[in-house]
Amino acid sequence: MNVTAVLSAPAHTNGNACTPFAFIAADGSVCSEVTLPAEELRAAYRWLLLTRELDTRLLSLQRQGRIGFYAPCTGEEAAQVGSALALQQGDWTLSQYREPGAALVRGMPLVKLLCHMYGNVQDPLQGRQMPSHFGWKEAHFVPASSPVGTQIPIATGVAWASKLKHESAVTLVYFGEGATSTGDFHVSMNLAGVFQLPLVFLCKNNAYAISTAGHQQTAVATMAEKAAAYGFAGVRVDGNDVLAMLSATRAAVELARQGGGPTLIEAVTYRMGPHSTADDPRRYRSEAEVEQARQRDPVERMRRYLAAQGVVTVEQDAELRAAVAHEIEAAIQSAEKVESPPLDSIFHDVYAEMPWHLREQMAELVNDPTYADSEAPNWGGESDDYKFP
Amino acid sequence: MTLNLVQSINATLRHQLRCDERTIILGEDVGVNGGVFRATDGLQQEFGADRVIDTPLTEVGIIGAAIGMAMNGLRPVAEIQFADFIYPAFDLIVSELAKMRYRTGGMYQAPVVIRAPYGGGIKGGLYHSQSPEAYFVHTAGLKVVIPSNPYDAKGLLLAALRDPDPVLFFEPKKVYRTIRGEVPEEDYTIPIGKARVAREGTQVSVFAYGAMLHTSLEAATKVEGRISVEVIDLRSLLPFDIEAIVASVTKTGRAVIVHEAPLTGGFGAELSAQINERCLFKLQAPVVRVCAPDTPFPYTLENVYLPDAERVAKAIERTAAF
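Here the protein sequences come in this chain order: A and B. Heads up: the first sequence runs through residues 1 to 389, numbered per the numbering used here. Heads up: the second sequence runs through residues 1001 to 1322, numbered per the numbering used here.
Hints are not guaranteed to be accurate.
[Unchecked claim] Derived CB-CB ranges, DEER-like:
hint, chain 1, residue 1, chain 2, residue 2, range
1, B, Gly1042, A, Ala352, 26 to 34 Å
2, B, Tyr1188, A, Pro109, 44 to 52 Å
3, A, Val121, B, Leu1263, 40 to 48 Å
4, B, Val1032, A, Gln196, 16 to 24 Å
5, A, Glu364, B, Val1197, 28 to 36 Å
6, B, Thr1178, A, Glu364, 43 to 51 Å
7, A, Ser286, B, Pro1293, 50 to 58 Å
8, A, Ala352, B, Ala1273, 25 to 33 Å
[To be verified] Straight-line distance between alpha carbons at most 20 Å, and here's what the computed DMTMM-like set of lysine to aspartate or glutamate pairs gives:
hint, chain 1, residue 1, chain 2, residue 2
9, A, Lys165, B, Glu1046
10, A, Lys165, B, Glu1021
11, A, Lys165, B, Asp1020
12, A, Lys165, B, Asp1050
13, B, Lys1282, B, Glu1270
14, A, Lys165, B, Asp1054
Rather than coming from a laboratory, the hints here were simulated on the basis of the structure. The structure displayed is predicted, hence computed values, not measured ones. Where a beta carbon is used, it is the ideal one built from N, C-alpha and C, also for glycine.
Turn these sequences into a full structure, and let the hints guide you.
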């Protein structure tokens, strides 16, 4: 299948409007020819495994009270890994908070990601945001904030600046289907269309915004078709197919880099876990539905495909999984030893230079003996009555 | 060069566009039209449509894009046509612009200047007259600056344009064309956070900013010969010049605060609290605030609604006689 053709055609002309573009079928069989070298295929698979294992471990660390919060992404690995792999050095990424795999692919060191989850002094954000808001400057991966959608208009500005400076960098912005209901999304789509910004809108349609299902967010059948209103292409991609994601995003990135303007990619996926460690999805969806989604598991799909192609043997698969688990365990061990940020870090980075009133408030707090022996907080362990199965 | 306030803004923007190629102006009607108040008149002709950008009608887009541009190395100046229309972008300003440096651990900064004409006195009614500065003074990470005259407008705007942090630059549109003054052609800045003694006095300190500075000066003239009034032009509300404030009240022992924003929770409340905390034993009278009533801004009766020299003079007299 010619991806450029797919990208240049409005979503509704791509056969059945609701059929996402894919290379690999859910059972791992080939539905369109893949021409990637084996090394790239293995690398992509390793990122999927790493993201899945990390997710499992972080959820468990939160349940053990070792980190305070986590927003899991199990089920969404291919959508983030495939798209992030399409970017090049110098490209910018703005994320929501469910793309740790993308941050790692873009170059954030695993141990730094863990330090962020612990909110310790080695956290690039200095423990100022909840876990899951990671970022890494060297990779131009902008840390997420919690409001849904605010990263999208900011991404237009980042992309716009690249264009005004005549730089070739492309910006990719992640958001969920829930964010397409915000004004921020529509404002940004409009700006990007009017000014032909080098921007890829990557909508991870994971079927739920906390408890609200996709059909409650919009009256149209797909998110991709919204692009038509803004004068550029929207494509619907099987977000659980890492190769389709890579291919479609590469085409969109290339288009943007060549001055062809923005693209909206709808990655159709499914959030298998809770919205966050504070959410109980049993209140709004059935186990049967989740089980059905498991049949479309992006990691398992890639495993079957690579096994069928003879690219990753059973032994190699086991080795990869062990290596990934070991790497994560080592990073957890390192991050857990790091101390909390110092008290005065509360006051730094509000301004480039601390104004008088903050200096005064800082002195008062730092010199208060009550806080002299402040230690890392106890996150409370398994205090939730809900335990993720 | 003698300029009025809006001419000074225009000349300063032109100066900075020439000095720094990273400077970008964006907003509604700022290009071909030169801005509805003509603050950006002629700039697009001189610097092109990539430096002075007419945007679609979206404050969210203007501020959101400005934040991203600033993070990616440009120095955007976002014009919000009237401060009254800044609210759609409130989320972007409070959640992102103000917090970018903090929430990213200093990884990113967003040195955006938001210019917005504010305040009443032009028969603009409810939606072209508001003074929303207190919302932003309450937001850590922002700086809030309000000039009262053409000279300060240039010095403060250049300081804002070169500041590493986001600055809300509110322009008192009532005095855009009525206040004229000498504005040097050379480059100069006025540090953000420094007040100015606009009139020296010994018995009552009056603190004001923007258009109300002129109302306060008029009031001081009214009571001249009877009460010696010191008038302080605050110029910066965040951070504000605590040293100048304390020094003046220490001298006079009496304080009157004037602003056209509504009374409750206004900047005057913070100022009054600071004076009470720091100058209690110097005070000869309670701190008095002269502000607009706690109502939306009325159209027909705006002259009654806005504090005038008469009302300020009465407050000065009351304070002096306490």
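Now the hints, each set against the structure:
1. B:Gly1042 / A:Ala352: 26 to 34 Å: Holds, at about 32 Å.
2. B:Tyr1188 / A:Pro109: 44 to 52 Å: Because 46 Å falls inside the window, the suggested range holds.
3. A:Val121 / B:Leu1263: 40 to 48 Å: 44 Å, holds
4. B:Val1032 / A:Gln196: 16 to 24 Å: Given range 16 to 24 Å: holds, Cβ gap about 20 Å.
5. A:Glu364 / B:Val1197: 28 to 36 Å: 30 Å, holds
6. B:Thr1178 / A:Glu364: 43 to 51 Å: Between Thr1178 of chain B and Glu364 of chain A, where Cβ atoms are some 44 Å apart, the hint holds.
7. A:Ser286 / B:Pro1293: 50 to 58 Å: Cβ of Ser286 of chain A to Cβ of Pro1293 of chain B: about 57 Å, so the range 50 to 58 Å holds.
8. A:Ala352 / B:Ala1273: 25 to 33 Å: 27 Å, holds
9. A:Lys165 / B:Glu1046: Since the Cα atoms of Lys165 of chain A and Glu1046 of chain B sit roughly 18 Å apart, the hinted pair holds (cutoff 20 Å).
10. A:Lys165 / B:Glu1021: 10 Å, holds
11. A:Lys165 / B:Asp1020: Distance ~13 Å between Lys165 of chain A and Asp1020 of chain B Cα, so the pair holds.
12. A:Lys165 / B:Asp1050: 10 Å, holds
13. B:Lys1282 / B:Glu1270: 18 Å, holds
14. A:Lys165 / B:Asp1054: 18 Å, holds
Consistency with the previously given hints is maintained throughout, with no hint failing.
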